[in-house]
Amino acid sequence: MTTVYPPVVAQPDAEAFVWSVISSIPGVTSFSYAVVFDWIGFNATYGMQIDARASTKQAARDRAEAVRQAVLNLPGEPWADGVCTYAEPVEGPFWFPDGDDASPRYTARYEIHVHPVPSGIARHDGARDTGRIVGKE
Amino acid sequence: MAGPATRYRVLDPSAPRRAADPLVADVARAMLGEVVERTPHGPTGDLAAGWQVTHGRAPAAYLLTNTATRPGKNGPVPYAQFVEYGTATRGYAQPMVGPVMTEWRARVGRRR
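Those protein sequences? They're chains A and B, same order as listed.
Reading the first sequence from the start, the letters are residues 1 to 137 in our numbering.
Reading the second sequence from the start, the letters are residues 1 to 112 in our numbering.
Rather than coming from a laboratory, the hints here were simulated on the basis of the structure.
On a predicted model such as this, the values are computed, not experimentally measured, just so you know.
Hints may be right or wrong, so weigh each one.
Beyond 12 Å from chain B on every Cβ pair, some chain A residues (computed) [what the hints assert, rightly or not]:
1) Pro6
2) Val8
3) Val35
4) Phe37
5) Asn43
6) Met48
7) Asn73
8) Pro97
Pairwise CB distance ranges, derived in the manner of DEER restraints [said to hold, decoys possible]:
9) B:Gly3 / A:Lys57: 31 to 41 Å
10) B:Thr89 / A:Tyr86: 33 to 43 Å
11) B:Pro22 / A:Ser23: 23 to 33 Å
12) B:Tyr8 / A:Asp62: 23 to 33 Å
Cβ coordinates follow ideal geometry from the N, Cα and C atoms, glycine included.
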């Protein structure tokens with residue numbers, strides 16, 4: 001009996017994609033705290049925290065709102081390496097008191113759902129497109 | 001082709017929540033274990049030891065909270081949020097709850 005595994009799908013860099021969209025907003029930092037794949041390894045969900053800082057609380061809040069709008073618009077942004085199917089806020093934006101000596105911060109967390117572009121699968125490893133035969137039993 | 005309309009009278013509105021209660025309790029306890037596993041263990045151990053699941057006011061509602069309970073220290077752990085979300089001076093966070101929430105949303109959430 002021959003065992004055939006589905007092709008290994010190279011995942012696009014969603015963190016870089018998000019950063020390319022939000023980095024023009026000053027005072028913003030982001031990091032990914034979780035990445036979860038579906039059972040077939042095609043769809044990925046990125047949990048990302050995005051902080052917005054500014055000299056005043058209102059300015060930080062305005063930047064966090066600009067980030068929120070940009071993130072929710074991710075499915076409409078052109079992205080050569082992948083497809084963003086859905087982006088949803090799961091926490092915030094909420095004011096996060098860092099202490100009196102720190103700039104005001106608003107924090108939000110998002111879940112961003114992505115998958116590779118179909119043509120990208122062939123581009124990354126065409127030999128595996130029709131299944132990879134790894135052994136016989 | 002549409003048939004005749006059927007009317008139902010709900011006799012016990014909270015029955016679905018009561019039926020789901022043990023399932024939600026199982027999920028809450030599983031999440032608790034995963035959060036505890038992810039929690040960094042500092043000098044006091046308050047944060048790692050403080051996680052607990054309690055029943056909410058409604059059926060099928062459970063709360064995951066963190067409260068230090070050792071002698072002389074009983075109450076919320078004040079630095080828990082900074083471990084989860086990071087601080088201004090220490091730029092990194094060590095999320096305990098967020099990754100577990102993401103994992104469980106994907107596992108039992110509305111998208112599957």
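Please name the hints from earlier in the document that this structure breaks, with their numbers sorted from lowest to highest.
Result: hints 3, 4, 5, 6, 8, 9, 11, 12 break, sorted rising.
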